[in-house]
Each structure stands twice: as structure tokens, then as C-alpha cells.
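Novice: Fit the two chains together into the complex; they arrive one by one in their own frames, and the hints show the way.
Take a look at the letters that make up each chain.
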Amino acid sequence: MSGWTRHEGKAVALDRESIDTDQLIPARFMSTPRSEGYGPFLLHDLRFDAEGTPVETFPLNRVSESSVLITRRNFGSGSSREAAVYALVDFGIRAVLAPSFGDIFASNAVNNGLLPAQVDAGVVDALIADLPETGASARIDLADGTARIGDRSITFEIDPIWRKKLINGWDDIDLTHRHADAIAADRVNRARRSPWAFPSGEGHQTTA
Amino acid sequence: MTAQTLLDKLWMSHEIIRRDDGASLLWVDRHLVHEGSHHAFAKLEARGARVAEPGLTFGVVDHYAPTRGRPGRPEIARMIATLEHNAAAHGITCFGLDDPRQGIVHVIGPEQGLTLPGLLINCGDSHTSTHGAFGALAFGIGATEVAHVLATQTIWQKKPAAMRIRFTGRLGPGVGAKDMALCWIAKLGADGARGHAIEYTGEAVRALSMEGRMTLCNLSIEGGARFGMIAPDAATFAHVKGRPFAPEGNAWDDAVATWSTLPSDPDAAFAREITLDASDIAPIVTWGTSPEDALPVTATVPDPDRAPAKQADRVRAALDYMGLSAGQPLSEIAVDQVFIGSCTNARIEDLRAAAAVLAGRRARVPGLVSPGSQQVKAQAEAEGLDRIFMEAGLEWVGAGCSMCVAMNGDTVPPGKRCASTTNRNFRGRQGRGARTHLMSPAMVAAAAITGHLTDVRPMLAGRSAA
Ligand code: SF4
Chain A
1 MSGWTRHEGK AVALDRESID TDQLIPARFM STPRSEGYGP FLLHDLRFDA
51 EGTPVETFPL NRVSESSVLI TRRNFGSGSS REAAVYALVD FGIRAVLAPS
101 FGDIFASNAV NNGLLPAQVD AGVVDALIAD LPETGASARI DLADGTARIG
151 DRSITFEIDP IWRKKLINGW DDIDLTHRHA DAIAADRVNR ARRSPWAFPS
201 GEGHQTTA
Chain B
209 MTAQTLLDKL WMSHEIIRRD DGASLLWVDR HLVHEGSHHA FAKLEARGAR
259 VAEPGLTFGV VDHYAPTRGR PGRPEIARMI ATLEHNAAAH GITCFGLDDP
309 RQGIVHVIGP EQGLTLPGLL INCGDSHTST HGAFGALAFG IGATEVAHVL
359 ATQTIWQKKP AAMRIRFTGR LGPGVGAKDM ALCWIAKLGA DGARGHAIEY
409 TGEAVRALSM EGRMTLCNLS IEGGARFGMI APDAATFAHV KGRPFAPEGN
459 AWDDAVATWS TLPSDPDAAF AREITLDASD IAPIVTWGTS PEDALPVTAT
509 VPDPDRAPAK QADRVRAALD YMGLSAGQPL SEIAVDQVFI GSCTNARIED
559 LRAAAAVLAG RRARVPGLVS PGSQQVKAQA EAEGLDRIFM EAGLEWVGAG
609 CSMCVAMNGD TVPPGKRCAS TTNRNFRGRQ GRGARTHLMS PAMVAAAAIT
659 GHLTDVRPML AGRSAA
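As you go down the protein sequences, you meet chains A and B in turn. The first sequence: position 191 = 191 (this note's numbering), numbered continuously. The second sequence: position 391 = 599 (this note's numbering), numbered continuously.
Here chain B stands alone, though its shape is the one from the complex (with noise of 0.2 Å):
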């Protein structure tokens, strides 16, 4: 048999048929869905269909989820119950706003041990990929994909082609996956990975927690991927093991056996191959309106007549749209506000990172602190994070999307600053007329402290990291 990769492996193990065409037929091992998925569900109504497999089928409330009490208005209220009322009926486990379980889709999958190593997991939502963080088949899928899931528990899909970004070398202290992310995205472009599925590799990935592997995926899509994967190994089978609907026994020791045989085999063939040097990673920092517009916050704004001539455009309607001139430090740019939260870096060891840098110190701006879950708010205030973020002047706030993607009334206003350790930078992401700068957790708690972007690094002497 011809070497495979994982992404060989996870495909033949779900592929039902193969049409003449190449589309496949995979099945699908757990369908995620929260308050966007009412056109699907919708759809499937005007069908008169019923939802194939609920017991593979997993509610959340995340998008709309209020941080601050109850929903403030009547449409946030109705998206919610919508969702709820739509799990009931078709008899699908909803983890809605009282229930502990409750957090981000991408956080509370692998916190519930719904998220294993080998499964296809789709959700309609982009940031689906962060799941591959596990070793498993994991995308984001679009509303009428979504009600075919419901509909069938499988998906249509052709398989893309392999890609594999191998990290070597370590990262330097106070650089984490978020950099890691924002680096290959910055360098290929913000399709620079379309048609592609991304395996990571090397030693820096290796040396990653499962929250930063997490956070690594997470971003693929920002590069245009739709699949972000790391193979399983030891570390993944301990985060996974004694979760609440992770297997036990006889099917834990089968489960750690099949997952033990996806890694890619030592000579299986990637379409791409791309190497990067972890140790040359710097903090980065976004400047402008994509994610691929990203640099190390020791660089300054580009000039657009510098850039590319294709790229000049861009470059200058960028600029504009963030109140920056061309040649002026990243480290200057004063900020008026911060956000902490997202499924992007809103788990436990984020919330560290930026506690580590914020312990005994005060921010000069505003700032709000979403959780990503209930659990890791549960986690973080036994640790007494929380005390450390309000005594340095932030909010401690609920779990949910928030001001990530701005539907549940958490905003920036209009031609505001924030750094923010979100996943999109788009112009009016966090509000109409809003200025994102995406950043790791510890650098957003230094723009914090200081007002302004600025490296960590210094300011983590004598603190650990976390």
C-alpha cells in the first residue's frame, strides 16, 4: 500500500462512495450547531424532514450569547430561543444559557470530549478547523450544507489537496501559536492556502499545548484552509481522557489504538510543503484590514507606494480605513480598548498568558475579558485570574462569541482602536466603523497596560510566561 497521509487516513475511513465526478460522500461523526444554523433548520422544515442523527447532533448558544446578564434586545432573544426551541423539537442536546456546559462551539467541543482524534466534525461556522487540533476531519460548512447534515449525517465534499506547514526550531518566550498562525498567513496570504488541507508539523508544533494546536488551527481558514490538522499523540490522548462523552474502558484502549495509526506515514507525499523557522518568530501584530496584513510589532505601517503595484490599492484603502500613516512604528499606535475572548484564544491558557503580564499592573484603556466557556470561567476564577483582570481595570464578563463578531451587542464603536485577540480584522467585524488589531493574549494585556501596541517581551522579565 502507498504511503498515506492523515488526511488520507481521516478521509477513507469516512468516505461512503466516491461519485465518477471525485465528490465524495463522507459520513459525518458530530454536527455542531448554534443560533446561525435557523436557516437550516428552516430548510429542513419546508422539506417536512427530520433530523437524521440527533444523538451526533450538539447545540450551543455562543453567537448571541449576552456576556452581561440577560439578552438586551428582542431579536438577540429570539435568535437564542429559536435555537433552543429547534434542539427540543428535533430532540438534540442543547447546551443553552444556564446549562455549566455552555461556552464557544470550538471551545466546549473538546472541553466535553465530543471532539476526538479520528472523528469528521462539521459545524456551520468557519472556525470549525480548530478541532483538527485533535487529529480529526474538521470544516466549517455553509447553511444549506448544514441542513443536509441534519438531514442525511453526511456531506459532499471533494477532497483538497495536502499541504504541510512543518515549524522547526523552538519559540522564543512570550511567542505562542497565535504568532505562529499570523506568520504563515502574513507570508502566503490570506488565500495562500485555498483548495488546501493543512497538516502542521515539526517540533514547535509538537512542543505546543493542546490550547495552542487549538489556536493553530483555529486560524487556517484566515489563510484560506478550510482544514487545519496536527496528528494525534500522547499529549492529545491526556486532554481528551475522562472527558464527559469521551469513550471509557474497552473503547478507550481501541479508540488510542486506531488513533495511534493516523499520523502520516514517514514517506507520504504533500502537494505543498512549507517550512518556517520557529525560533525567527517575532510577536506580531495586524495593521491593517486581513488577516494577511499582519507584521512583528517591532516593524513599521507599510508604505503603499512601496508595496507590490497590485497591492498599493489595498494597501492605502487599509491604512485608511485604520487611521494609520505609512512609515509610523507598530509599537505607537495608541489604542481604546482591548478584547480578550474568541475561539481563537479564550481557553485557559490564554487567559494565563494575558494574567501572567497583567499581575500587578493597571491598564490605561478599557478592556472586557470573555471566557471561553463557562468551565474555563469556573477554572480561571478558582485560579483567581478573574481578581487579576479587574484589579489591572478590566471586565470580567461571560462566556460567548462576544466582541468577536459583534452580534450580541458587545461592540467597538465607530473609528475605535482595539487590540483584540480575535481572529478577523475585516473592516466592521467588531462594529461598523471599528479598527482591529489582531495580537496573542500576552500582547493585547501589554497594549493594555501601556495604551498602546507594544512587545511583551520586556515585560514578561522575571514572570513566567504561563
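Extracted from the complex, chain A is given alone in its bound form (with noise of 0.2 Å):
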């Protein structure tokens, strides 16, 4: 994953509280290998009818390369499928401005490079109702926490720790193996000091 620090793209507003895991990306999707792409799975069952016809009405549909999402509370609670930032991602999402997020979707998205802001509530009631249905222009940037939609310039809230990775692109593996020792030493005192935590040989067999 490459870091980034500054975005500038399309902003566009998903008038709803509460979009959760489900509907960013319904279970029936999920056993398609990421390799063939989850951006037409995004929101798929408010993107598109029964029949499998784009609702025009639908933002996503209406503004078709928007890459910065202003939503309402609660985004992105429920499951911890990392799919559904997926599907953002690969749809072209970078950023998602909001004033809560579900918290495992939160560190999903960092690990895939997707910033989810927090916004205050108040900021998102007057971005949503400015932002023109085509859209409008977005410009973020993640190292001073600020952003710009169409011709407001707003302020938002991440993690230090969510932002330093964000930025620097980090792989947490490789990350780790730096302390490959510190590791090491704890599994022999751990298994020295409480034995009883590793599982007992008895039931432990694989099966035929």
C-alpha cells in the first residue's frame, strides 16, 4: 500500500445515517477473489433496482467518479469484512467524511489506505446541504487534518497513529517483524508463567 498525503478529487453526499457493512457490500458478494475488482459490488442494492438497472437517482450513480463520501453518524458499523472497504476502494473512494464510524470498518480502512474523518455532526449538516448534486470539488490533507468541499474549508479528526500510517503507506507486518525479539521472549516467559493458556494436547487433532 502506497501512503499519500494529499488528495484532490470529487466530493458528493449520501444523505443517510447508519450505512452500514451489509449494505456497503451484501454477503451474497463476498466469494468473489479481490483480484476481479469490488467496486460494482459498492452499495450495490441502493445502486441498482431488482433487475439489476442503476437507480439514477442514486449519488454514486449520478456522480460516477467521486472519490470523497460526506455521510451521516454510524458509517460503516456492523461486520468486520474488510470487503466492504473493498469495495469503496476499488470503486475510487480515498476518503470518507463523517461524524462516527464503525470501529472495526475504521482500522479496515487504514489498512487500505481509505481515510475515514470524523467530522462534527453540525460541519456535515451544512457540507451535505451545499453540495450540489453533481457534486464538487474536494481537496484533503491528511498531514494537517483539513479539507476543502466546494468553497468550504472544514477541519477534521483522526487517529495520530491513524494518520502517521495513513501517510507513510505502512505495512503492519513488516512493521512487526521489527520486534521479532521482543515477540520471541514474550512466548517463552508466556509459556513458562501460564502454561494453562496454550491449549492442552487432548482434544487437539486435526481432522481425517
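Hint data in this document are derived by calculation from the structure and do not stem from the laboratory. For each residue, glycine too, the CB sits at the ideal point set by N, CA and C. Worth double-checking, as some hints may not be accurate.
Claimed, not checked - Taking lysine-lysine pairs in the DSS-like style, the calculated list, with each CA pair at most 25 Å apart, reads: (1) A:K164 - B:K366; (2) A:K164 - B:K367; (3) A:K164 - A:K10; (4) B:K367 - B:K518.
What the hints assert, rightly or not - A short list of chain B residues far from chain A (calculated; beta carbon distances all over 12 Å): (5) T210; (6) E411; (7) L484; (8) S487.
Specialist: Encoded structure:
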């Protein structure tokens, strides 16, 4: 994953609360290998009717090149399915601005270079009220936590750990391997201190 | 030393290092994987990495497990085969379809004694909070994190704030852990506990069986908390003892000694405290498309025009999706089918509670009963519960996630209404256009008999609610 500090693109409003992970990607699409791309599944049952025809009034269908979503509280609540983030990222979304996010969704987002930017509910109200149906230009500055949506300048909150990760495009596994000695020592200690914490051999056979 | 919470103690005993920015690297005692882990194994493969601790990693087929016969569709069979292949390739014990230990990951962990007090447990599934019922630090993670745990047996995590939800008093008859959970979620909102680790305490929590405690912790995520915990006590130890992977002999004694030190110190401070009176709680049902849309079954469908301005649009949209009108009594909502199952409510006690209501009665609508595991299935059959369900006209099927997530082909048809013991009433959760009402197993049984949402309490007269 490559890091980023500034993004310029197009913002669109998704005027709904609690867009959960089951809406972001319905479960039936989740057996697809990632290499096939998850963009078409994003918000599938809201974007397409039962016959598979795009719902013209749905914001993402009106503004197909959108890269910044502005939406309401509790975005990404629900399951741990990272596929919800894959769908957003593969569709081309780089940042979501909302008053609150599901915790697991937000960490999954950061692990895939997608910014979950927390913005005051009042500011979201104003942004959504201002946004034309055709969307507006968007500029996000990760380093100083500011964004410009249309002609409105706002600030957003992001955990400093996550900000650093997004900017550097860090891979946690690489970072963790630097602590290999500490992990190995901890394991030795642990096995000595709490042998009970390791599964007993009893039921421990592989299924035939 | 300052007073510590259960969370503090669990965190400290798993922290390997803490970075300056506050991120902790934690040791993972148990890592549970299911079919959905295919993304994570693919990531591992892309790096040419191996599973660091196959002995601490356990696989189970549940999300796509067929509940009747063999997998019907090729993509479902492929998901199951991929997990079994990945497990075999990495030397991981896997409870496959033909294994008598198979079942829903959050049911079999405790059942097999893989879940113990004092452990840190991860699984690529948000309801991993279930295992917190044993006094474990258990939380759901995404695919990138699953790959990280597979490769390193550790996880980076920022310590959440501690929150205590105390249930004072005693639950009334016909009211259970599901109602306690929906009660606090309705009060605080679906994001009400975001960023917090919940510890449940109080007389009503202590009085719960381990099954009930699991239901309560399971639903923590529906109120936004990634963690839900209950301090271990004698009931916990009795439940764990003798299970296949549980410690034995000296190791058991050591374990109990350690576990007994876990409860929060009496004067430990919590960032947030909520107190609820259990004796005030009535059987609860959901009416909308978020678990926070929950009300006592004696109430009426809310009116969007009377909802707070900010909520009005969402309430209107939820009623539109659910096909309900404002002011309608909840107990008059007719259902098309019922489902009893899922990691929330498919343990033996849940099946007993439903059977106590159904015994000698007929269901007016069709429904599925899917036990949480093959062991629960066997136990229920030994007790004759399967006959009660079948004589009532419900279908008794195999173990798995089934209609909770509708991945295995068990779905609710578009526009149909289902009274369900599951955990999410999200749009489309049980199938495109499906309408889900969440409630307890006893309440689902009552809805099956009357064909509409129903207060189960009068139906329990002269019966034990199990
Ligand atoms: S039963 Fe439902 S909530 Fe539980 S693990 Fe399975 S899909 Fe997830």
C-alpha cells in the first residue's frame, strides 16, 4: 500500500445515517476473489434495482467519478468484513467524512489507504446542504487535518496513529517483524508463566 | 499500585510493547478463522509467509455451512474447500463439515474449551466479543489484521476506554439476556459504546448462565463496542472445566488461581458508567433497520413526525423498508416466517427456552431452527427438543450461520418478514429486501405460534421458561 498526504477529487453526499457493512457490500458478493475488483458491488442494492438497472437518482450513479463521500453518523457499523472497504476503494473512494464510524470498519479502512475522517455533525449538515447534486470539488490534506469541499474549508479528526499510517503507507507486518525478538522473548516467558494458556493436547487432532 | 479494571489486567498481561504513539502490540492466545479468511490467507501467500503459530490457530466451517445436505452452489463449496485447503497447508486444526465439533465459531470456541478466562482471542468476525463472557479480551478484526495475526501471532491495538454497564435487580420471567442487550442499545444507540470496552456487572448479570452472558457480550458490537466482558466467577470455571482443550491437573489449578485475580478492583475507575434496572425490562423487539430501533413488544411503531428532527428521515426510511406504519401496535405485526439460530441465540439454553414455549403447540408460520453447533444439535436431540420443534411444524436443520447472514443459501425472500433470534436487522441482511425483527428465542417461538409479534409472558403460564 502506498501512502498519501493530499488528495484532490470530487465529493458527493450520501445523506443517510448508519450505512452498515451489509449495505456497503451485500454478503452474497463476498466469495469473489479480490483480483476481480469489488467496485461494482459497492452499495449494490441501493445503486441497482432488483433487475440490476442503476437507480438514476442514487448519488454515486449521478456522479460516478466521486472519490470523497460525505455522509452521516455510524458509517460502516456492523460486520468486520474488510470487503466493505475493498468495495469503496475499488470504486475509487479515498476518503469518507462522517460524524462517526464503526470501529472495525475504520481500522480496516486505514489498512487499505482509505481515510475515515471524523467531522462534527453540524459541519456535515452544512456540507450536505451545500453540495450540489453534481458533486463538488474536494481537497483533503492529511498532514494538517483539513479539507476543502466546494468553497467551504473544514477540519477533521483522525487518530494520530492512523494519520501516520495513511501518510507512510505502512505495512504492519513489516513493522512488527522489527520486534521479532521481543515477541519471541514474550512467548518464552508466557509459556513458563501461564502454561495453561496454551491448548492442552487432548482434543488437538486434525480432522480426518 | 492503582486500582485496575478487568480490561487493565487483561491488557497488561498481553502487551508486548507499547509505542510512543500509544499503540500496543498484543500477544494473541487464540486465533479462530472461518471461510471469510480467504483474503487473509491470500495476503499471506503473496508475501510467501507461513502461519506463525498453527497450534494456536483453529479453523471452522460456519458462514457457508449448508444446513441441509451438501453445499448446493459451486461458489459455496469453493469457499469451504478453500478454508479446508488453507488449514491443511498451514497445519491448522480445522473443524470441517464432517467433524462432530463443527458449529458457529463463537459457539464452538467455548464448547471446546478453546475460550478461557484471561486469554486474548481474535477472529475475523465482529461478534468475537461473545468470548468476553468468560473474562477474555476478545475482539473482531478485518482481513488485513487477520493476515497480521496469522503471520506474527500478535495484533496492534490502541487500548479502548473502559465502560461499565451495571444491571441491578432481577429480570422478570420470560425476559433474558437478549432483552438486556437490546435495552441498552436502544438507550445508547448503535454507536453508543464506540471506542469503549464494556464490562457488564450487577446482580442481573451475575445471575445469568454462561449462555446468557455470551448472548449479552455477543451483542456488544451492535452498540458500537468492539469488546464486551464479564469478570469470571465460579459459574465460569464450572462451565470451562473438563472441556476438550481446557487445562487439566496442576495447570487447571494454576489457571483458576490466575483467573480469580481478574475481576476489576473494587475502586477501579471507569471512563463511563451506565446503570439499568433489570426488573424494568420487558421482552423487546426491533421495528427498524438498526439494532437501536428496539422497543418493548407492548409499545407501538414510532412516528417519524414525533422523532427528534435529526432522526425523522431515518425513521421514515426504516418504516418504508420494513413496510410498517406509525402508531401500529408492535404486537399486531404479522410475520411470514421465523428463524431460531446464530451465535447470539443458538446454544442449548436458547433452544430450551424456545421449546418451552412451543411444546404441545403448532406454529402458524414456517420456520427454521438451526442449532449453534453439532454438539448443541446432539444435546437437543438427546433432550427431545428436536421433536418439539418438528411437531410444532418448524424445520430442524444442521449447524451453521445459516439465515443470520444468508451466505449458505438460507435466505428470507424479498418483502417477507422474519421474527429472528439473530443480531442484525440491517437492510438485506437475511436476503435482499428481507424484513428482520430481532428478539429472544422465547419471543420468536411466541411469534411462530400466533403468526405475529407477541408478548411471550402470558404464554409461559404454567410452564417453566427453561
Ligand atoms: S451466526 Fe451470524 S453473526 Fe454469528 S458468526 Fe455467523 S454470521 Fe456472524
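Novice: Hint by hint, note whether the structure agrees.
Specialist: Comparing the hints with the structure gives:
1. Taking the CA atoms of A:K164 and B:K366, the gap is near 14 Å; set against the 25 Å cutoff, the hint holds.
2. Distance hint between A:K164 and B:K367 is fulfilled; the C-alpha atoms sit about 18 Å from each other, no more than 25 Å.
3. This hinted pair checks out: A:K164 and A:K10 have alpha carbons roughly 24 Å apart, not beyond 25 Å.
4. Between the alpha carbons of B:K367 and B:K518 the distance comes to roughly 32 Å, so the proposed pair goes past 25 Å and is violated.
5. Non-interface call for B:T210 relative to chain A: holds, since the shortest CB-CB distance, roughly 22 Å, exceeds 12 Å.
6. For B:E411, the condition that its CB be more than 12 Å from all CB atoms of chain A holds, with the nearest at approximately 30 Å.
7. Residue placement check: B:L484 keeps its beta carbon more than 12 Å from all beta carbons of chain A (closest about 22 Å).
8. No Cβ of chain A comes within 12 Å of the Cβ of B:S487; the nearest lies about 30 Å off, and the non-interface call holds.
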